[in-house]
Amino acid sequence: MFEEPSHNDSLLMHLDPRIKIVAVFFFSMVVAILNRIPVLLCAWVLGFLMVFIAKVSLRELVKRLTPVNMLVGFLWLFLPFTFPGKPILYLGTLPVTHEGVLYATKITIKSNAIMLTMIGLVATTSIFTLGHAMHELKVPKKIVHLFFFTYRYIHVMQREYIRLANSMKIRGFRAKSNLHTYKTLAYMIGMILVRSLDRAQRVHNAMLCRGFKGNLYSLKTFSINKRDIVSLVLATAIIIVLGVLEWKTTT
Amino acid sequence: MENNDLTIHLKNITFSYPGCDPVLEKLNIQFQKGSKIGLMGPNGSGKTTLFHIIMGLLKPSAGKIEIFNTPVETENDFRKVREKIGLLFQDADDQLFSPTVLEDVAFGPLNLGKTKSDAMDIAKNTLDFLGLNGFEERITYKLSGGEKKLVSLATVLAMEPEVLLLDEPTSGLDDKTKETIKNVLMSLDLSYILISHEIDFLADITDSIYTLQSGAINYDREIQVHHHVHAHAHGAYEHEHD
Ligand SMILES: Nc1ncnc2c1ncn2[C@@H]1O[C@H](COP(=O)(O)OP(=O)(O)OP(=O)(O)O)[C@@H](O)[C@H]1O
Ligand SMILES: [Mg+2]
Chain S
656 MFEEPSHNDS LLMHLDPRIK IVAVFFFSMV VAILNRIPVL LCAWVLGFLM
706 VFIAKVSLRE LVKRLTPVNM LVGFLWLFLP FTFPGKPILY LGTLPVTHEG
756 VLYATKITIK SNAIMLTMIG LVATTSIFTL GHAMHELKVP KKIVHLFFFT
806 YRYIHVMQRE YIRLANSMKI RGFRAKSNLH TYKTLAYMIG MILVRSLDRA
856 QRVHNAMLCR GFKGNLYSLK TFSINKRDIV SLVLATAIII VLGVLEWKTT
906 T
Chain B
2 MENNDLTIHL KNITFSYPGC DPVLEKLNIQ FQKGSKIGLM GPNGSGKTTL
52 FHIIMGLLKP SAGKIEIFNT PVETENDFRK VREKIGLLFQ DADDQLFSPT
102 VLEDVAFGPL NLGKTKSDAM DIAKNTLDFL GLNGFEERIT YKLSGGEKKL
152 VSLATVLAME PEVLLLDEPT SGLDDKTKET IKNVLMSLDL SYILISHEID
202 FLADITDSIY TLQSGAINYD REIQVHHHVH AHAHGAYEHE HD
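In the order they appear, the protein sequences are chains S and B. Sequential numbering from 656 applies to the first sequence in the working numbering. Sequential numbering from 2 applies to the second sequence in the working numbering.
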């Protein structure tokens, strides 16, 4: 999640990031409240389409979808058995309810559809562009900074981790299940936290020395062109259609 | 009085890190406009600490600081100081934080209120000046140690400071890059204090060398111009002739 996006040259890459954010935001909102399986499937296909247009490699896709689906898999362990409803089959004495299975299926599709569009977004926009676009969209400054610095310091921590891990490696450390290993790992975690904090402080100092007063500026100027407008209209239309499909059958 | 040219004036500065013995004790410095000073001293003698005190990143427990003839105490005072005094950190990893080189170099000018296109021009010119053309879109944390050092210097120079505090600018650099830095510093009309462990380097580009030892500053010597042939092994490395 933390590397810079793959520098592929996709259509989505050149879209105005503000439009991407708005579209993904509303898409996710609508998908979250969708209830009908066929409509959800449509959203899912759309998600795949987005990832396809974004030219995300299969490996990256699998890597990023795995954590979400591990969580979803966990839900499958409980929901079908605990959700009240009509039993459709019994595993031993445990009833599997129709409603439970349906519910779990919906969650699976929903989370995957949303995750797919997010992947499409992140893979085609650098984190910093995202931050600046959020700023342009009048997201409160504090949230944008939180976003920016969280990313920046996760990076710092990752780098401290790599340094420590390397220095342990070159001195022949191999993780086994003994006290020495646990002690070393505990030291390592402690050191990562302390050193990251320290470095974060020094980076902040360096920023102060260069006149940082709480504002981050972007060198990029966003400008909307015809392709952006077409995409915005298209995205809005798709989201509305999804909404309408859902609403038509619930009333 | 000659006080008009007094850029940095430290009076009886005492500083200690929490729970440690004082690093600096009753330290006095008078730094005049236009001077080029070298600062030497053993590891851990407090050179870096001194720079951080001048920039207001560390607060001394006693003593007064005057910069450009104005007393500075609060964070607000130091904000103004930092617009005129640039600090090059000892560890370049601390200095760079933007994803691309161009953005990092433009960060300072933008903070000073320059427009985007001005900041971009300044950044590009500074990079060119340091022979870093073509680095604009490079990712800062994927640069080599020496490249990071040069880009860090660019981020400081881009703010067009009046005074530079350089904390070991040449550590880890090859001879050619060192030469670049030397030429850059000599061609700029700037005052600076330069920390280095390389006496030859200091002798070439500073007017006088001071040493920091046991918490106090000592005037070392006027630079003696002398030529000698480097014929002995390791002649290129730090060494002294007495
Ligand atoms: N954050 C800190 N907390 C406590 N002690 C510190 C801290 N930073 C530095 N020191 C101590 O203060 C003293 C001065 O450190 P400083 O970094 O100023 O030395 P220096 O002269 O720059 O050394 P070097 O030539 O190695 O860069 C050292 O003894 C060091 O151990
Ligand atoms: Mg130091």
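A few of these clues could be false.
As the list claims (entries may be wrong) - DSBU-like mimics (lysine-lysine), calculated; alpha carbons at most 30 angstroms apart, straight line:
| hint | chain 1 | residue 1 | chain 2 | residue 2 |
| --- | --- | --- | --- | --- |
| 1 | S | Lys868 | B | Lys12 |
| 2 | B | Lys81 | B | Lys117 |
| 3 | S | Lys741 | S | Lys710 |
| 4 | S | Lys824 | B | Lys85 |
| 5 | B | Lys177 | S | Lys868 |
| 6 | B | Lys60 | S | Lys797 |
| 7 | B | Lys143 | S | Lys718 |
| 8 | B | Lys149 | B | Lys177 |
| 9 | S | Lys797 | B | Lys115 |
| 10 | B | Lys149 | B | Lys81 |
Derived by calculation from the structure, the hints in this document are not laboratory data.
Here's how the hints hold up against the structure:
1. S:Lys868 / B:Lys12: Roughly 28 angstroms between the alpha carbons, so the hint for Lys868 of chain S and Lys12 of chain B holds.
2. B:Lys81 / B:Lys117: holds, 21 angstroms
3. S:Lys741 / S:Lys710: Given that 30 angstroms is the threshold and the Cα spacing comes to 43 angstroms, the pair is violated.
4. S:Lys824 / B:Lys85: violated, 44 angstroms
5. B:Lys177 / S:Lys868: violated, 37 angstroms
6. B:Lys60 / S:Lys797: Since the Cα atoms of Lys60 of chain B and Lys797 of chain S sit roughly 28 angstroms apart, the hinted pair holds (cutoff 30 angstroms).
7. B:Lys143 / S:Lys718: holds, 23 angstroms
8. B:Lys149 / B:Lys177: holds, 15 angstroms
9. S:Lys797 / B:Lys115: It holds: about 23 angstroms lies between the C-alpha atoms, which stays within 30 angstroms.
10. B:Lys149 / B:Lys81: holds, 26 angstroms
When held up to the earlier numbered hints, the structure conflicts with 3, 4 and 5 and fits the remainder.
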